[in-house]
Amino acid sequence: MERKINKVLVANRGVPAVRIMHTCRDRKIKTTAVYSTPDRLAQHVAMANIAVHIGDAPPGDSYLNIEKMINAALETKSDAVHPGWGFLAENDTFARKVIDAGLTWIGPPPGVIRSMGDKIEAKKIAVRANLPVIPGISNVAGAAEIKEWMEREKIDFPIMIKASASGGGKGMLKVEGEGQVPSALARVRSEGMKSFGDDKVLVEKYVERGRHIEVQVVADQYGHVLHLFERECTIQRRNQKIIEEAPSPTLDDDLRQEICFAAVRLMREIGYVSAGTVEFLFDSTSRKYYFLEVNTRLQVEHGITELVTGLDIVGIMLDVAMGKPLPFKQSDIHPNRWALEVRLNAEDPRTFNPSFGNITRLYSPQGPAVRISPGYYEGADIPPYYDSLIMLIMATGADREDAVRVMDRAISRNLRVEGVKTLAPLLLSIIRHPQFIAGEFSTRFIEERMDELVSKFIEKDSEDEMLKVARYVAEVSALGIPKWM
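Position one of the sequence shown corresponds to residue 3 (this note's numbering), numbered consecutively onward.
These are computed hints drawn from the structure, not numbers from a lab. Glycine included, each C-beta is placed from N, C-alpha and C at the ideal position. Incorrect hints may have been included.
Have a look at the derived ranges for each label pair, beta carbon to beta carbon [unchecked claim]:
1. 457 with 290: 33 to 39 Å
2. 441 with 129: 27 to 33 Å
3. 141 with 8: 42 to 48 Å
4. 400 with 141: 46 to 52 Å
5. 135 with 256: 16 to 22 Å
6. 42 with 338: 41 to 47 Å
7. 176 with 290: 15 to 21 Å
8. 40 with 251: 39 to 45 Å
Restricting the straight-line Cα-Cα distance to at most 25 Å, the calculated cross-link-like pairs of lysine to aspartate or glutamate (DMTMM-like) are [unchecked claim]:
9. 176 with 210
10. 458 with 420
11. 99 with 120
12. 172 with 281
I would like the entire structure built from these sequences, with the hints used as guidance.
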């Protein structure tokens, strides 16, 4: 049954909120923004038709407060809620309460979110759907159990200890030797409970030269489940992605088809609806792939899939939530170019420490084949309480070489951010590295080459501009005013 959506409450802030509001504007759908006290002048607040203050800075008082979110939707007569990514996006309790309040939930069913949010449960379902999984053990009680498993399965260090509810790079730890196991286990348990409210732990073999491949899936309420091909998200720091691309330079056509249809098979098995992503770890040495997890939400890097397919994934989510069937078949999807995305975070590029404060100058990249997904404007404050993402920079080309060249221009020539430090020097250093250009890298690319990458930094600051002005003034003083003036 189709239902109309007239006004969407975007239960988020920054880049994801702005991204969702852009599609809502295209569809002539009104939007409601929510904001915490430090976000009162934020870009997403200015973009929305109406904005509601929902609390003070700590996320628990604002962006993670379910009751305040639902009350804000009801008070503003919003009839639907889109959670974006992060915060409450994969919270099945929130999804259920949105639906119980008579609002339209723009996302997958709460039961699917719950089952996929537990890595142990998700792994069982993946096995049932005949997907290969990383060798490991679940519900780990202690270090002795890990030792026994490693001996029995002939597993060598390093291993990966993960909180069952881990995500976004949190709640997971690589362990290099037996002496580190007890402390690592305790730390992951603690982080799992603190960040996700669950201290269950699983342990897996660490894939040494792993590459991170994910498949974008969309599904409607009538059993149609389709893939929009894959993205590669291997370049990471602290288990968090910072560069993504579509398609993957790692896969040949046969492997691409196999992985994409494995993703569809799993999503059909769990009764998925809306947009979601199935993540895999690819072992470059053995050419095998393993199921990692399902992200039951819009992914940060969905934009590069939109660029190579010509589709609007947020628009698809809105249509599916309104009860419309997918308007295309699998055979209609034909990616026809290459796209890269970099995450411009407000972080020190040498240490990854957050860099918060006022953006005194912001000039976004422009020009052919560049797409920007913004979250801030010049003069805005980046508060210290939330994610440090300033904007997503995307570049496209006829092939990978072309897309890399456009991204180089976007970062090195057309981007300027002052007042806070950003990852820009590191991102530029990575995309200029010969091994990145050759497509030869793993998830350890940054940690293995950090000193080399830092040594190649080309950094500009406002002193560069002041020196240019001073030099020009000196020239005019010495040589007189140029004729062209």
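Cross-check of the supplied hints:
1. For the hinted restraint 33 to 39 Å between residue 457 and residue 290, the CB-CB distance of approximately 35 Å keeps it satisfied.
2. The hinted window of 27 to 33 Å between residue 441 and residue 129 holds, with their beta carbons roughly 31 Å apart.
3. About 46 Å separates the C-beta atoms of residue 141 and residue 8, a value consistent with the hinted range of 42 to 48 Å.
4. Between residue 400 and residue 141 the Cβ separation comes to about 49 Å, which falls inside the hinted range of 46 to 52 Å.
5. About 21 Å separates the C-beta atoms of residue 135 and residue 256, a value consistent with the hinted range of 16 to 22 Å.
6. The given range of 41 to 47 Å is respected by residue 42 and residue 338, whose C-beta atoms sit roughly 43 Å from each other.
7. Checking the proposed 15 to 21 Å range against residue 176 and residue 290 shows it holds: the Cβ atoms sit about 20 Å from each other.
8. For residue 40 and residue 251, the hinted distance range of 39 to 45 Å is satisfied, since their beta carbons lie about 40 Å from each other.
9. Proposed proximity of residue 176 and residue 210 is supported: the alpha carbons are some 11 Å apart, at most 25 Å.
10. This hinted pair checks out: residue 458 and residue 420 have alpha carbons roughly 20 Å apart, not beyond 25 Å.
11. Distance restraint check for residue 99 and residue 120: the Cα-Cα separation of roughly 20 Å lies within the 25 Å cut-off, and the hinted pair is therefore satisfied.
12. Under the criterion of a C-alpha separation no larger than 25 Å, the hint pairing residue 172 with residue 281 is consistent with the structure, at around 16 Å.
This entry satisfies every hint, going by the numbered hints stated previously.
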